[in-house]
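Trainee: If you want the building blocks of each chain, they are given just below.
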Amino acid sequence: MRGPALVLGEPLSLWGGLDPATGTIVDPRHPAHGARVTGRVLVMPAARGSSSSASVLAEAVRAGTAPLAIVLAERDLILAVGSAVAAELYGVHVPVVVRPADALARIRSGDLVDV
Amino acid sequence: MPVALDARDRAMLAGDEGAGTAFAMRLVLVAAEALGAERLLDITGAHVDSCLFHGQATLDFVDRLAQGGTRVAVPTTLNVGLVDLLHPERWRGGAAEAEAGRRLMDAYRALGCRPTYTCAPYQTAWARPGLGEQVAWAESNAIVFCNSVLGARTERYGDFTDIACAVTGRAPAAGLHRTDARRATLVLRLAPDVPASLRDHDVLYPVLGTVLGRRAGSAVAALVGLPTGVSEDRLKAVGAAAASSGAVAMFHAVGSTPEAPTLDAALHGAPPDADEPITLGELRAARDALTTARGDRLGAVSLGTPHASLAELRAVAEALEGRRTRVELLVSTGRDVLAAAAEEGVVARLEAAGVELLVDTCSYLAPILRDAPGAVMTDSGKWAAYAPANIGREVVYASRADCLRSAVAGRVLVDLAPWGGA
Numbered sequence: 005m006r007g008p009a010l011v012l013g014e015p016l017s018l019w020g021g022l023d024p025a026t027g028t029i030v031d032p033r034h035p036a037h038g039a040r041v042t043g044r045v046l047v048m049p050a051a052r053g054s055s056s057s058a059s060v061l062a063e064a065v066r067a068g069t070a071p072l073a074i075v076l077a078e079r080d081l082i083l084a085v086g087s088a089v090a091a092e093l094y095g096v097h098v099p100v101v102v103r104p105a106d107a108l109a110r111i112r113s114g115d116l117v118d119v
Numbered sequence: 486m487p488v489a490l491d492a493r494d495r496a497m498l499a500g501d502e503g504a505g506t507a508f509a510m511r512l513v514l515v516a517a518e519a520l521g522a523e524r525l526l527d528i529t530g531a532h533v534d535s536c537l538f539h540g541q542a543t544l545d546f547v548d549r550l551a552q553g554g555t556r557v558a559v560p561t562t563l564n565v566g567l568v569d570l571l572h573p574e575r576w577r578g579g580a581a582e583a584e585a586g587r588r589l590m591d592a593y594r595a596l597g598c599r600p601t602y603t604c605a606p607y608q609t610a611w612a613r614p615g616l617g618e619q620v621a622w623a624e625s626n627a628i629v630f631c632n633s634v635l636g637a638r639t640e641r642y643g644d645f646t647d648i649a650c651a652v653t654g655r656a657p658a659a660g661l662h663r664t665d666a667r668r669a670t671l672v673l674r675l676a677p678d679v680p681a682s683l684r685d686h687d688v689l690y691p692v693l694g695t696v697l698g699r700r701a702g703s704a705v706a707a708l709v710g711l712p713t714g715v716s717e718d719r720l721k722a723v724g725a726a727a728a729s730s731g732a733v734a735m736f737h738a739v740g741s742t743p744e745a746p747t748l749d750a751a752l753h754g755a756p757p758d759a760d761e762p763i764t765l766g767e768l769r770a771a772r773d774a775l776t777t778a779r780g781d782r783l784g785a786v787s788l789g790t791p792h793a794s795l796a797e798l799r800a801v802a803e804a805l806e807g808r809r810t811r812v813e814l815l816v817s818t819g820r821d822v823l824a825a826a827a828e829e830g831v832v833a834r835l836e837a838a839g840v841e842l843l844v845d846t847c848s849y850l851a852p853i854l855r856d857a858p859g860a861v862m863t864d865s866g867k868w869a870a871y872a873p874a875n876i877g878r879e880v881v882y883a884s885r886a887d888c889l890r891s892a893v894a895g896r897v898l899v900d901l902a903p904w905g906g907a
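Those sequence lines, one after another, are chains X and R. Using the numbering used here, read the first sequence as starting at 5 and increasing by one per residue. Using the numbering used here, read the second sequence as starting at 486 and increasing by one per residue.
No lab work stands behind these hints, which were simulated from the structure alone. Where hints are given, some of them may not hold.
Some, not all, of what chain R presents toward chain X, calculated at C-beta under 8 Å [unchecked claim]: (1) 545; (2) 642; (3) 644; (4) 809.
Some chain X residues near chain R, calculated using beta-carbon distances under 10 Å [stated by the list, open to error]: (5) 19; (6) 25; (7) 26; (8) 40; (9) 61; (10) 77; (11) 79; (12) 82; (13) 83; (14) 118.
Cβ atoms here follow ideal geometry from the backbone N, Cα and C, with glycine treated the same way.
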């Protein structure tokens, strides 16, 4: 799977941070406030915050606004399970993969990334 | 490394107990892989947060899970949902959303979960696991309380994973289920400038939790310098705030929590990575940051986040005896605690003082509060952290006593004396 990267310097909580109806980052305190994740490879050091982020990811997949894939520097149970549920319910797989932090640091927003 | 499965795990995965249970087992395995678990373990209970509506996907999920007559395998309590099923007139949002929220709450009950609908299941005697018991709990404040105050063992579970564990009776043998992960790696000491009177005042504990969350992140910390035998209600306030300002899933309060009779016990005899003070200045700054409103205009008061205990309801009734609130005064609690409070006459006393009791949900999640100009006062660090973004209200953080005398006066009154006057 290949797509343009959206690199977030700070962790994002999907719950309260992503509007699944539009795929837009709505947390006003997040530096990427206003950016759209839809169709992008979302790259961030870690996920953050509420366990309800699993539901928000599944809802974004249902609404067709989810990122193509999510790349993190550390394992994340919440997003992995959200992705697995969405794949079962809607047949759309959003891979959640872990890569070393130094590899993440070389990716720039807009780069084409293979996952 | 693949997760080792026993014969029953494999049977569930193969669909021997129905399609829904097989789906649940697949999710437990995803969770186990994400946690790096080598095997699964049996759990004796679960607390499930998936019953809170977050869109059509949450309904689609439970419908898929229910296929084949799925039932939970262990006693399972439910967290708050979107609506107060006992007082539906309190809902001020759209009818379609309320209906979807109610449908989801009913769907989890139909899987065999108990309709507790509370974020504080530990306040119900039969739902309290014992020291060392393995469970799967969701809801951040409940997770911290379970690990820290009860000494039962859960990882940070949440939507979908919680009910998957409940249906299979299994959880990944990883993280805080394991003894080694429960060791404190950080020591936080109240500095000598924190007055003794503040250490024994309710108003300290949510603020201390806010600082704990920021300093610890997801690490297990040991708090030193509190009085011994800190009450459950105060430890509840620490954990709820720490899990909203950080990702805390467990802390030790030396001399109060069961795995920390001494600092050495909390450290498992090993040196910590860091040993740092918490100063009065840091606590005051954290207290001030919980308040977003300016001026003394009061719109409402919201208490009971996490859900009020019976002791807290009694204290509110006592403080308001013979007086009446001038503003909307909402106290959230669990329906089981509400029933106990009604039995002993506390509910009648609260209602005589103008208190409105909310169950099954929370006033920072759902459209409950009336529109009124002015700030909302709360004694909860968690409510203060989430309400401005979630429901768009300005907040004043203060002690329960200040919240209640402000409600009676109809304007914001805050006493800084416990803080040394500033």
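Trainee: Now tell me if each hint is right for this structure.
Mentor: Results for each hint:
no.: 1; hint: 545; verdict: 5 Å, holds
no.: 2; hint: 642; verdict: 7 Å, holds
no.: 3; hint: 644; verdict: 4 Å, holds
no.: 4; hint: 809; verdict: 36 Å, violated
no.: 5; hint: 19; verdict: 8 Å, holds
no.: 6; hint: 25; verdict: 8 Å, holds
no.: 7; hint: 26; verdict: 13 Å, violated
no.: 8; hint: 40; verdict: 18 Å, violated
no.: 9; hint: 61; verdict: 9 Å, holds
no.: 10; hint: 77; verdict: 14 Å, violated
no.: 11; hint: 79; verdict: 5 Å, holds
no.: 12; hint: 82; verdict: 6 Å, holds
no.: 13; hint: 83; verdict: 9 Å, holds
no.: 14; hint: 118; verdict: 22 Å, violated
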